[in-house]
Each structure stands twice: as C-alpha cells, then as structure tokens.
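J.: Next come the chains, spelled out residue by residue.
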Amino acid sequence: MLTFTIRRLVLAIPTLLFISLVIFLLLELAPGDPMAQVPLTVPPEVKERMREALGLGEPIYIRFGNWLWQFFVIEPMHLIDVMFNTSLAEGQQRVISWQTRSPVMDIVAQRMPQTLWVVGLSYVVGVLIALPIGIYSAYKQYSWFDQIGTFISMVGFSVPTFFTGVLLIVVFSVQLGWFPSIYDTTLVVEDWASFKLQIRQMVMPVFVLALYNAAQISRFMRASMLDNLGQDYVRTARAKGLGERVVVLSHVLRNSMIPVVTVIALGVPQVFGGAIITEQVFKVNGLGALLINAIQANDLPMVQTLTFIFAVLIVVFNLIADVLYGVLDPRIRYD
Amino acid sequence: MTETGPGTPEAIAALTDALPSSPPRSQWWDVWAQFRSHKGAMAGAMVFLIILLAVIFGPWLWHIDPGYIDIRARNQGPSLAHPFGTDQLGRDTMARMFAGGRITMAVGVTAMLLALFLGSFIGILAGYFRALDGLLMRLTDLFLALPLLPLMLVMVLLFRDPLSAAFGPEMGIFILMVSAIGITSWMPTARIVRSDVLALKEREFILAARSSGTTNSKMISRHILPNVMSPIMVSATLGIANAIITESALSFLGLGFPPDFPTWGRLLFDATDYLQQYPERVIWPGVAISVTVLTVNYIGDGLRDALDPRIRGR
Amino acid sequence: MLDHTIADIRNLRVEFQTKDGPVVGVEDVSFTVNAGETVCIVGESGSGKSVSSLALMRLIEYGGGTIAGGEMHFHPQDGADIDLAQTEQSLMRTIRGNQIGMIFQEPMTALNPVFTVERQLTEGLRLHKGMTKKQAQARALELLRQVRIPEPERRLAQYPHELSGGMRQRVVIAMALACAPRLLIADEPTTALDVTIQAEILALMDRLKRETGTAVMFITHDMAVVAQMADRVVVMFRGNKVEEGTVEEIFERPQHNYTKALLAAVPKLGEMRGKPLPEPMRLLGQEDQEIKPIVGTDAPLLTVKGLTTRFAVKGGFFRRTVANVHAAEDVSFTLMKGRTLSLVGESGCGKSTVGRSILRLVEPLSGSVQVGDRDIIGLDSGDLRRARQDMQMIFQDPFASLNPQMNLADQVAEPMRNFDTHRGAELQARVEMLFDRVELPRSFMRRYPHELSGGQRQRVAIARALALNPKLIIADEAVSALDVSVQAQVVNLMMELQADLGLSYLFISHDMAVVERVSHDVGVMYLGRIVEIGPRAAVFENPQHPYTKALMKAVPIADPRKRKSEKDLNFKPIPSPIHPMDYAPEPSHYREVSAGHMVLTTDSGY
Amino acid sequence: ERGSDGEVKIIYWQAPSIMTPYLSGGTKDLEAASLVLEPLARYNETGAMVPWLVDVVPTVENGGVSEDLTSITWKLKEGLKWSDGTDVTSEDVKFTWEYCTAEGGGCAQSEKFLDVTDVETPDAQTVVVKFGVAKPFPYGPFVGAQSAILQKAQFKDCMGPKMPECTDANFGPIGTGPFVVTDFRPNDVVQLEANPHYRDPAKPAFAKVTLKGGGDATSAGRSVLETGEYDYAWNLQLAPEVLANMEAAGKGKIVSGFGTLVERIMVNMTDPSASLGDERGTAAHPHPFLSDINVRKALSMAIDRALLTEIGYGDAGRATCNVLPAPEIYASTANDACLVQDIAGANKLLEDAGWIKGGDGVRVKDGVRLSMLFQSSTNAVRQDFQALIKQWWSEIGVETELRNIDGSVFFGGDPGSPDTFQKFWADVEMYANNFDGTDPEAYMANWACDQAPRPETQWQGNNMPRFCSEEYEALIAQMAGTGDINKRAELAKAMNDMLMQAYVIIPLVDRGRVSAHSNSLGGVVLNTWDSELWNAADWHRMK
Ligand SMILES: Nc1ncnc2c1ncn2[C@@H]1O[C@H](COP(=O)(O)OP(=O)(O)OP(=O)(O)O)[C@@H](O)[C@H]1O
Ligand SMILES: Nc1ncnc2c1ncn2[C@@H]1O[C@H](COP(=O)(O)OP(=O)(O)OP(=O)(O)O)[C@@H](O)[C@H]1O
Ligand SMILES: [Mg+2]
Ligand SMILES: [Mg+2]
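Protein chains in written order, with our numbering: chain X, 1 to 335; chain R, 1001 to 1314; chain Y, 2001 to 2606; chain B, 3001 to 3543.
Hints should not be assumed to be uniformly reliable.
Ranges between beta-carbon positions, derived for each pair [stated by the list, open to error]:
no., chain 1, residue 1, chain 2, residue 2, range
1, B, 3542, R, 1056, 45 to 51 Å
2, X, 249, R, 1106, 44 to 50 Å
3, B, 3104, X, 61, 18 to 24 Å
No more than 35 Å apart at the CA atoms, straight line, and that leaves these computed lysine-lysine pairs for DSBU-like [stated by the list, open to error]:
no., chain 1, residue 1, chain 2, residue 2
4, X, 140, Y, 2133
5, Y, 2133, R, 1218
6, R, 1201, Y, 2133
7, R, 1218, Y, 2305
8, X, 140, R, 1039
9, Y, 2471, R, 1039
10, R, 1201, X, 140
11, R, 1201, Y, 2471
12, B, 3253, X, 196
Please keep in mind that the hints were generated in silico from the structure rather than gathered at the bench. Note that the Cβ used here is the ideal one computed from N, Cα and C, for glycine as well.
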C-alpha cells in the first residue's frame, strides 16, 4: 500500500507539471487584461506601462519557467522560513498577484479558514445527512420516505444556488432577521458569544451547499445500498440471527461505502473551487470567490496558482480515494 | 444399477426444460413493457412529453413575440392578456417561458448527449485498451483541473466567428455552448464507465466473443456498450440538470446566447433580483427547471430498470 | 441414534409476489427431520428446495416471499414445540444461527468480503452465547480445527478472498456449526467444488452428525452425494414432494417416474469399465436411442508440445514482476481427429489455462501448438483471428459466457458475422439449423440468456461453438454446473455431434464419472503438469501416479452401498504454484506404462 | 469626540485589492485608500476644488501659480502629522512625484504628473511643482483621490520595479487621513481604526471602520436598506424599482449625485466586417451604412432617452444629449432636441435618404441592409437597454443583433481578443465613460484622429468611433493653449456639439452615482468628483 501510494505520487509529478503547463497556455490565450478594472480615464500608455511593470512583456516560456521556480522552490522555502524563523527565501521574488501585488500564497492562506469553515463544513454536513437518507431510502425502497427523499434531492440538485441562497436571505435575514446575510470573515471565535455568532453566520451558506452536496451523494449511497442489500452475505448475516440494525449498519453499510467513498473523495476538490456562487451570495470570500475574482481581473499568477492547487487536490484526492478503497475493501491490495 | 421402466410423458418432461408460458417478445417491446410498469417513469415521461410539446407548439398557440417590449405593461401580475405576467420591460413571461424552454431543452439535452458520448467513449477506450488507460485518465485529470471560465473565454475567442460564419450567429453560439458544456462535463461519466468496463472485461462472455473472432470495434459496440448503459443513464440524469445550470451561468457572464435570448436559467437569474416584489417571476422558471430535471431522473430510473434484462425478466 | 423429531414440516406453501401476480415457489411439502439423521432433499433445479429451507429459517420474507400456508414445527429439545410459521421475527432471531444453522448454496458469496473470518465467526457466538471476545475467539479456533482448516490461527485474521473456495466453504460450515445447532441445513454445499474438496467436506459433515447428534437437512441434486450422505431422501418436483424413503429404497426401488428418470441420468464411475470407446448414455423416455461407440481417427489434429504459461505477480515500487504463477508447465499431448481428450484435476491445477493457451486467449510463455498444419503460436493477430475459425471454446460457466444484453440468435450468429461466412437469409437459415441441432425450439432465438435455464444456456453456447464448423472444440467444464438430467442431455448431444461431424474435443472437467463416459484419452493434471496421460481405460483402470490414485478414490459413487469412509481419504493441501523469478522448473519426463499410457517421473510436488 | 461612536461598516460590492492609488487605479481601491491617504487639495460635492492638506488652493490670482503657468506653489498646513506621529514635510510630497515617475514602475497615476519637470522643496512646508510647458490647468499633481501623498520614510525602498514587492506598505500605508489600516485582506475586507494623530482632535467620530467587499450590488443594498447590517453601501447600480422597494423597508436612505459619467452608444465609422482581414475596423474602409449621417441621426432620433432613464436609473439618471454634460459651464444646450423620441421623423429621414424598407421590414439601399451588431458589457441594466433600443430600431427598419461581453474582456483591451471595446468589431457599442476631476481638456482630446485604435497602436486608443475631422483637431489644439476658463468652456462646448451633430456618439443617460446609508449614519455627503469616502472624518452616529 505504501509503495503503491509513493509510486502514484511520483507518477503524479509529470502529470501535474503537464496540467500546469496546459493551464498556463490556456490562461495566456484567454482574452482579458489585468488593467480591465482601471477606469477608462487612465490613458492607454499608462496602462501599457503598468502592464510592463507586471512582467507581461517577457516571452511566455520565461514566464512559465519563472512561475515554476517561484512556486516550487521559493514558496516552499518561504514556508520553511515562516515555520522555523530561517531566512532562506530572503529577497527572492515570490509568486505575486497582479491584482493585489502581494504574494499569492499569503492570500490563499488568508482565505483558507472561511473556505474550510463554510465550504468544508457544508460538505461534511452534506455527507452526514446524505448517508442516513441514502441508507434508509434504500432499506425502505419505494416507501414514502424514499419517494420524498428522491424528490427533495432532485430539487436540491436542480435549483441553482444563486436562487436558493437569495431566497434564504430574503426569508431569514430580511423578513425574520435570524441570520446575517453577510459573512464576517474577520470574526475570531474566542468565547461562547463569538462562537454563537459564527454559527449564526454559517447556517445559511452551509445549508445551501449541504443541500446540493447531500442531493448527489444520497443518490449514490442509495444505489450502492440497493446493490448490496441483495447480496448473499446479507442473508448469511441474518441466518446468524443478527438484528436488522447490525445487518444493515455493519454488514451492508461497510460494503456500500466502498464506491461511495470514492464519490465523496473525488467531490472534495470540486467543492473547494466550485462553491463560487454560494460564496458570492453570502460574501464568504473563500477560495472560490478568490478564483472568480482573479479570473475576472485576469490575474494570471493567482489563477494559475489556484488552479494548480486544485489540480493537486484532484490528484491527491484521487489517490486518497484509491487508498481508502483499499482500506475498506480487503480484496483490493496495492503492492 | 437401477432398472429403468418405460418412460411416461412426465418423465420426459423432467428432462426437457419447461417452456415458459408467455410468448417470446422483441427486446424493445420488453423494454417498453417494463418501462410502462414503472409508475414513476411513466409519470415522468408524460410530464416530460408535455413540457416538450409545450415548448415546441406553445409559440404557435401563444402568439406574443417573446422579445416584444410593451413598456406600458411592465411588471404586471398574471392576467388574461399575460397569464404568467410580464417582466420589467413588459415582455410577456409566458412567451418567454416557451421560447426559453426551447433553448434550454435543446441545450440541456444536446449538451448532455455530448457529455455522455465523450464520457462513454473515453471511459470505454480507457477501460478496454490497457495501453490507453493511463493516458486517458490523466487527460481526465487535466480536464477536471481546467478552470471553466478561462476555457470558455478561449473557446469563444477561437471559435465564435468561424462557427457563426458557418452556421449563422444563433446556431453558431448554440454549437459553441453545447460543445463547451459537453467538453467540460464528461469526466465523471468517463470515470464511472471506465471502472465498469474494467470489471466487464473480466467477464467470460467477453472472452467467449474474442475466441469466436470478434474484432475490437464489434466487441465494444456489441458487448461492452450495452452492458454499461446503467451508469450512463445516471450520468444522463445528472447531466441534464448540470447543463441547464451551466448554460444560465454562462449566458449571464456574457459567454452564451445574445442577451435578448431568454432561457430558463437566465429568466430565473434575472427574476432573482425581483424576488421580493414579484415572487411569481422566479416560480415559473424555477419550477420548469426542477420539474424537467425530476422527470428526467424518473425516466432514467425507469430506463435503467427496463434496460436490464435481469430486472426486466422479473 | 436418538429418535427424536427436530423439525416437522406440514403442507408448506410459499408464494412470491411478482409483478405478474403471485408465483408459487413451494406448493405442498411435508417431511420431518430427526435428531442425528441426514435427510437429503433432491430434485430438479427450481423445484423449491432452497425456498423450503429458507422458509424454515423464515428468511424467505427478506427475499419477497410469504409463507402462504402450512406449519413448521420445531422441537429444539423434548417437549418444546415452536411453530416457525407463526413466530415473531424477534424470536426467530434467537433461533436462527443458534438452534438452526444454515450453509448456503453459494459458498463464494455467502461470506461478507470486508470482514475477517474471525469477526464473522464470532459474531453469532457473542450474540447468542454471550461470550466475551476472548472466549469467542477460542471457540472460533476450535471450530476451524474441527472443519480441518490448516493453520487456523492465521485464517482467523484473513479475509474471505484470501481463502480458496474449499476453505471458504469450510468457514461457512464452521459458522453454521458455531452455536452447536440442533438442526443444520446445508443447501448444495459442494456443487461448485471439485471432488477432492467435496469429499473432505462430506466426510466432515458426516462426522459432525455422528458426534453431536445434529440433524442435517442436506439439499443437492447430485445423486452420488446423496448416496454418500443420506439416511432418508425426499424427492421434490415442481414445488411438490413426490417421493420419500430411505436412501436404499430410493436408489433401489424408485416409485415415481421423475425419480427413475433422475437416477437414469446419473453417470456412474465404473460404468464404462471394459469399454475402451465412449458411448452416449441411455436416457429414460428416449427409447429409439441408438447407443453406438464413437471410434474417431488416428490422424492428429492438435499437437501441443512443451506448453508453458505463467502469470506474472507484480509488485514493488515500479510494478515489476516479482514472481510467477506457474499455471501450465511443460504440457504436451496430442489429440486425434474425431476423438476426445479429457483433462482432469483439482481446482486451480491449470486446466483452463491450458485450454485458453491453445486458443491464445492467454499468451503462453513457450511451447508449440499445432492445429492441423498451422502453428498457432507464431500467428499475428489477424491470422490468429482467422485461425480461431477452426477452434472454438465452450466456457466453464454458461451463465457468464453469454452476453446478458444480446438475444440468442445474435449470439449464435456472431461468429458467422465475424467471419462473414453467411449472410442474410442464409445466415438466418443456419442459425435455425443450429438451434434445431442442439434441440432448442426456434422460438428461443429471440430470447435473452436470463430467460433460459442453465442447460438451455449451455446448449446455446454449444450452438455458438458449432456455428463456424470448427474442427476442434475446447469444452471447459461444459457440463459441471448443470443439473444431472440436463447434464446427461448435453453430454449425449456432444457425443452425437462428434459422431456426426467428426469433431475433436478437449474436454476439461473435474467430474470423473462424466469424463469416463465421454473420453478416448485422459490427462491428469497436478500443479500445472500432466502427471499421467493415456487411453481412458488404462488411466481409470490402472492409475499409476499417486495423485491419480487419490483422485479416483475421492470420487463419490452413486450407490448407497458403496460409501467411502473418511479414513480412505488422504489429502494434502496443494502447494503454491507461485515461484520466484529465478525458479527454473525441471522439464517433464514420462515413463510409459503401456501403449500410450505415460506417467510423470519428474517430481510433481505431490 | 474622536472614537466615541464605535464602529462603522461599509460595504463595497467590489472589494478593494490594494490600498495605494498608484498601483491599481480601480475605483474601489482609490476609495478605500482615501480613508488613509490624502491629497493636497480635492474636489467637493459641487465639483469645486477645496484645500485639504494646505490652507489655500494656489491660483494665478493669489500668486500660487506663476504667470507663465509653468509652476505652482503649495504650502502645507502647519503641524500635519503622519499616523505614526512623524511630521509631514514637503519632502514627502516631492517623494510622491519621484515614486510615481520612477523608471520601471507601473504607476497607475503617472498621467497626473505629465509635464512635471521638477518638484522643489524650498522649506519643509513649501512645495513648488515645475512644469515643462505652460499648464492652464496645473492641478494634476497632488489633487484628488488619485494623487494622494505618500510617506517617504515608508515607501523609499519601494521605487520603480520594487513597487509591488512592498506588500506591507501597499496594504497598510501610513497616511494623514482619519483612519489607519489594522487588517487588510485583499479582495475581502479592510479594517481600520481612528488615526490617533489626525489633525482635528475631535475627529473621526468612529473608532473603527470595517470595509467589506464582494458579492453584488443587490445584496450590498439589501444589507444596508433591508437588514441594516451595514451602514453604507457604494454604487448601487440597480433597477429603480428594486431600489425603491429596498428603501421602503425603512432602514436606510438612498443618496445620489451627478458627475460626468455618460452612458453612450458609440457608432463605428469603419467597416468591421470579418472579410476585410487585417484592415477590419480601420479607417481604410468606411462603414457601409453608418458612414451615412442620416442613418446615424435616425438611430439617435429613434431612442426614447427619458424612458431608458426611468427604467434603468430612475432618479439617479437624467436623459442627456451631450457627451460632456457637466460641470455646469461646459454643458451645452444645443442638442436638446434629441430628448424627444421621434420614430416617425427618423423613418422619414431614412426614407428621404433612399433607405427603403424591404419585405422583412429592414431598410435597404443599393443592396446594403441596415443590419447591425450591437455589443455591450455584461450588466443587467445594459442588457435591458439593448433590448429596448433593439425594438425601437426595428421600428425604423434597422435590424439589430445583440451581444454582451464580460466586462473583463470588453474593457480588458487585450489585442488578441476580438471582443474589446477598442477593437470594436461591431457596428455600435454601448458603455459609460467620464473624466477625472472637472477639467475636460484631456477627455475631449479623446476624439482626435490619432486616438483611433488600429493595428499599429496595438488597438489602443480612445477614439472608438474612429471619428476624424480637421476642424475638431484644430479645436483641441486651441484648447491646449487657452488659460481662460470661459474661453475653455466655449471651446469644450463647441467640440461637444460637433461630435453630437455628427452623431458619432449617441449619448443616452447622464448617470448619477447612487449609494445608500443607514438612517443612523450622519454626515454623509455624496461626492461624485472625488472619493465617496472623502469626508469619512465627518461621519458620525446619529443619536
Ligand atoms: N425471490 C423470488 N421471487 C420469485 N420467485 C422465486 C424467488 N425465489 C425463488 N423463486 C421461485 O421459486 C421456485 C423454487 O426455487 P428454489 O430456489 O427453491 O429452487 P431449487 O430447488 O433450490 O433449485 P436449484 O437447484 O436451482 O437451487 C423457482 O421456480 C423459482 O423461480
Ligand atoms: N489471469 C490470471 N492471472 C494470474 N493468475 C492466474 C490467472 N488465471 C489463472 N491464474 C492462476 O493460474 C492457476 C491455474 O488456473 P486455472 O484457471 O487454469 O485452473 P483450473 O484448473 O481451470 O481450475 P478450476 O477447476 O477451478 O477451473 C491458478 O493458480 C490461478 O490462480
Ligand atoms: Mg437452490
Ligand atoms: Mg477452470
């Protein structure tokens, strides 16, 4: 298993390099300009000079090479500096965002907490509600619970979050005044009161995203449970006199989780980058908002770095999925 | 050894297999029969058909031009003249729903089919030909990692003009949209299909077909493809919803249809601003999208059951 | 022997709710099982054997069935009487696994793949007997010893897929026995296993019955097993009990026509003694049958020399090959036109691998395969495809070797379409002819595999193999999975085709009685090598190699008066065919015993 | 009293990404920076210049500007302190000029320092700006939010190519303004606290400012007007009825003011058809039908500007017939006839000019159909406008295809993209533009011939219609040499009228700025000539 993991990781490096090159070329080709948000009153010559100052004049391979060097050498050195108070990366040019002229990784680090709190938590919540719903719907296939579950999950999947989010805001913020409509990213949880505030501001975005995630995962869970409930070993378990709870929640569930775990793991990277609309609606300003902002401002280093991080997540979670697969299913052994 | 007495009809019957009582039927008849017995699927198919007929024939029965602006009739609620009311420019919502439905359904279905085709094609190739597996799966990773928006911008940049020149502006954009959505949403299908094909390849009937001289292309079309229909069906269900939503997001970003082209996603997006004043405006497109996706889901469920001969036989 | 009734089933009726209305699974069945007694239930496939036993466990409700009538009295000890048909599921839970144990039909899938053997074994013990983890573990170990699993301590920590089929089946048996049930239901526990393992398991169950007084309800359609095991026999037919009696009564004085037909269809080892050539079986109800020995020719069709096939075991950081499975090792034989060569041997000894290597469905490492005057090994992929026109294969599992999504006419027509030998109406006509030939109604052409019984499916597979008029058919366990009655039909059909068309068969099987019936020559395989080969009569009547002798001994005989006792059986676990990369096996050397009868002198590992 | 009113929360739906005006000229960044950094003088809500870090605005009259218009002398207020407690000196002012004009730096405001040859610092309070040419309007440098003063001590190591590397300084500049940055999260939120060294000891009233960014205008408005979570929301470009509905919730007020921002349609005088290859959209090929002034005029006549204003902007807009609508003295009245829609007149005009309606209702002349592509950036109001205008034009026999393009591409100016507003590969396009401050000279010079974007200029330039007239060139030259304000006004009006009467620009709406503040926020004075937050020091909580 370990060698399998290492081997896959080693193989991932060329893949990732290639992906980053393709992303880079794609971004190069995409129209748009980092100066697009500068008002029209600023003359074109000035914009041209600003562009040059960003290093846009260099040939493309030099810029890609620079990015690679900065991302893979300087950024890790900087990380070491921060952690151990060394000064390896002293004076070296880090990956700088064109929009904010500050190191991209610092901003990414800044956005992490809210992304994890809201988007990450919503995924966890989504999974936590999807599993019981999927399990029970399958166990009682075609019961009213199953029908309603199907209905809600399909509606949850088909109604875009730009609508559900606004609807929740109108109802719970404007009409009822229960929850804030704007997420405060500066809130520090240090006592009970601030914890309550944090919970209050998370409720709506987490709910919206969780609904969407739960909808998909519960469908997979249900299908997988259905597959396994008909298996022979379930009958064997019953023949041992085990109670239904043990049969379903221990024997069947463990087997059904095998494909679902893959689905869940592969969903994680998408969740990080894909919650753009919800983040916008509630102004959570997580990584998704950062990405869309950077794309709109044509902030190539930022977009490149973020998409590369997502690519790494995709590859890593692919791997995690495979490893989990192996852990859950003893028949699969990677060595 | 036991002495065996003279045979009786019953004894012989024990040695031949009992004929089933129902007469043999064609495959499609069987599929249809099974499909018909699935209540949800039938209801879904009916509703889907109604929606389809409505968006195809609706504009013939309801003559108002969806783009016609009657500025005096702005923001009206439902009335006889405008059964669904009007929007902020006084355009008739019902006419816009019909017109939008045509585009949404066309885009949703076509993009979904394209994604399915690509996903199945790549999934099957990757699963079937070992040599292609690594390459194609890395390609899938690549597409998963590609940021959608820049990709779309590039596609618009490169292809809008040639396509418009070749097919006219509307068809050109339609092709562009459909291929953009298709190209960016085939990856999950490919993964699922691939793993199914990998399992299928170990089955003995594939070996049997090979031993009777079946060529690779025939192998895929006769043996592999029909047996991976079930995951493809699930992808279809989720794909159509995905296509509808992506289309609305793209249109809104200005990467899609001309702004005066209504689509359901766009109508919903535009109406969201007026959620408080005119809540009925979000209801029409919202319900239309949800109902369409729901019906496709039920149809998919029914088809999946119906296409599986083992379930069909029960 | 205690003469105390454990289970008393009266007028059991089980129905299934399906979309086309209720279907009767069991119509009217009554029988009793006494303590310390083995009752065998036999009958054709689909006659309701499994359903009856599931009804007794009240597991039938989970499969969509209902007990529509009848009583099922269970007497765990003297005086106690529970009508299982009426009991609450909560009470059933204390009976299932505790007082009634069940061994399921399919040993391969009856175990949960993701839990260790220990976990699955101790679950019931801890539940019913309230044992602690430690106690349960000790008991599990004891059970594994009882069922004679080698290295029981290690097995506890293993997962089902790490065990061979025979071991898995023994784990299932241990599970059923864990709480020392009063009644043990065994549903075809050995059908899927080869003779040696089957013999072991039968011996084990017999011993347990004798030692603990457990009542055994043994379901099977293999009459040889019945003869081995049964005290009493219940014969079922289409949901009804048609006959009941002691094992001697049933075998010697069958009353019902079905029972008679069934017994007639059973091939018995030794029947062919003295007849050097194979001949079809005489079947009940087919009086006009002409029984003629099949002679064949002396012209070689298939010559295999030094065939070696290995599978790489990959591992390490770069997925390099670290070891090899020596599946076929220096295999040589010759098959003549119009004759049948059988390969027999234990599961996993490489029979299928040899068959597949000949067709190059797996690539052999070395050796030569000559079909007619064509060297198969040297062909490129295009020529190979064309060469396959002459040699077809019938696969081990009729369920698996047909595409579930394709109708039967298309499946039979497929080889002809592939080689474009026939077209349009001509093709249609030939498909019809093939259906007639294998005695399938033409109306079946539009059907799908799942709509057929196993025997019918196998006939489709045969029709498909015949479609191209091949010279050679490799029949890999073509009849092993079939019901005896169906099996007899298929065997006869194959021999008939051989007589008519001059086909050659490479017949792969572990069923010695069938092999005796059909073959001209027999090769016995062990651990990838042919240990003994020669004319069938010579090998069967004068086995030389120790493995061949053990194998012959293990075959159960369908005669209750010729039971084998456990001490006759003497098995060794098969050594692993996996060897490191640098392992160089010795070439095979043979000693000629009589004309064409060769015995391996090289060390075979036995 | 300073700091007594607690926290004020401001929401900008475009989040600030940097805190200095010199690295990003985006409005959001300028305005956020204006809480901290201040110029020597700035414009008030009427567009008049007011002294800020000086006591008087220098003029020729008071001797601050030299007679030959080549130098201007500013005198800093006494006792000005940076927020770190050090003194503000003329060296800082001079440094600001050096900083922005240093070699290799991409200073966004370098235009402000055009023609500055030297900045002299005779003493710590006095700054003399020298120009290489006579400057009739010498208030470019150090005036307005774009040209705020930086602290030399903080920025001296951040010159030229090192400008972007000074993240700490760029995110937390030391300034003279009422607030100091405590936490800056780019594109998310800025937190500030009262400047302890602010020159007025009683101000600011608020101890803390939170400037949140992100989302969209609707939700920003909602958070001030409906839920009351925020105190001030910037630039609420929303449909008037949506805004009215939000205001009805009673939690806050909408404020609006007018500047020079005009929503306009640009008419392409060159032929954008793809078949021309490299010469597409260049002066080499005049437009097949838009080069006919009758057609351009008819297009303008068919538009009901009042209705557009009502639908798109309500009280925050006024219909206009000028591309230069303000300040008052520059506003022409010569073209006001366009305020009334005249479809019949437009039809007649086209008919007379020989454009005859074909069977499909589209006018044709000599085989040329009046069929146009109308592009604009993506924005709900603009798309409504496009739809309306399309309908009106169809009534005069002009067929229109609409296209909307994402703002970052449309305004992005990427020469590789076919969709930029400069390339203008369409027949007409709509967007809004304005000019900085109150002097229109540079703005009116946009329509000089050599400002036309073309391949040689990498498609840069401001003359989108590719308008070219010798007469107009002459007026530009004349204005550059005129110092008298009234004379300048006349010239500007003449230029405006020339453009209007040629119908190469069809102005639609003079767009005001709409913002909203909560009922409890006092002291808000909406200023469209400078940063909206220009007087944040005066903001206070109403009791
Ligand atoms: N879940 C079910 N639904 C409907 N019919 C069923 C179901 N299970 C079994 N049957 C039917 O009940 C009958 C008896 O089946 P059963 O499994 O008992 O046969 P069997 O005697 O065990 O055969 P085999 O030897 O093949 O195992 C068959 O006709 C079968 O089709
Ligand atoms: N594709 C494969 N990869 C690796 N090992 C294999 C493969 N196929 C077969 N083997 C191994 O080769 C050996 C011989 O297998 P084979 O299938 O030929 O046995 P068999 O005699 O046909 O057994 P059975 O009676 O169970 O069908 C076994 O140890 C098996 O595990
Ligand atoms: Mg059975
Ligand atoms: Mg085999």
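J.: Next, verify each hint and record whether it holds.
T.: Hint by hint, here is what the structure shows:
For residue 3542(B) paired with residue 1056(R), a C-beta distance near 60 Å fails the hint of 45 to 51 Å. Taking 44 to 50 Å as the suggested C-beta distance range, the pair residue 249(X) and residue 1106(R) conforms, at roughly 45 Å. The hint said 18 to 24 Å for the Cβ distance between residue 3104(B) and residue 61(X), and at roughly 22 Å that hint holds. At roughly 33 Å between alpha-carbon atoms, residue 140(X) and residue 2133(Y) fall within 35 Å of each other, so this suggested pair holds.
A distance of roughly 56 Å separates the Cα atoms of residue 2133(Y) and residue 1218(R); the hinted pair therefore is violated under the 35 Å criterion. With a C-alpha separation of about 42 Å, the suggested pair residue 1201(R) and residue 2133(Y) falls outside the 35 Å cut-off, and the hint is violated. Between residue 1218(R) and residue 2305(Y) the CA atoms are separated by roughly 33 Å; this keeps the pair inside 35 Å, and the hint holds. This hinted pair checks out: residue 140(X) and residue 1039(R) have alpha carbons roughly 17 Å apart, not beyond 35 Å.
Simply put, residue 2471(Y) and residue 1039(R) have alpha-carbon atoms about 52 Å apart, too far for the 35 Å limit, and the pair is violated. A C-alpha spacing of about 33 Å is found between residue 1201(R) and residue 140(X), which places the hinted pair at or below 35 Å, so the restraint holds. Taking the CA atoms of residue 1201(R) and residue 2471(Y), the gap is near 28 Å; set against the 35 Å cutoff, the hint holds. Restraint check for residue 3253(B) and residue 196(X): the C-alpha separation of about 31 Å stays at or below 35 Å, so the hint holds.
Violated hints for the displayed structure, listed by number in ascending order: 1, 5, 6 and 9.
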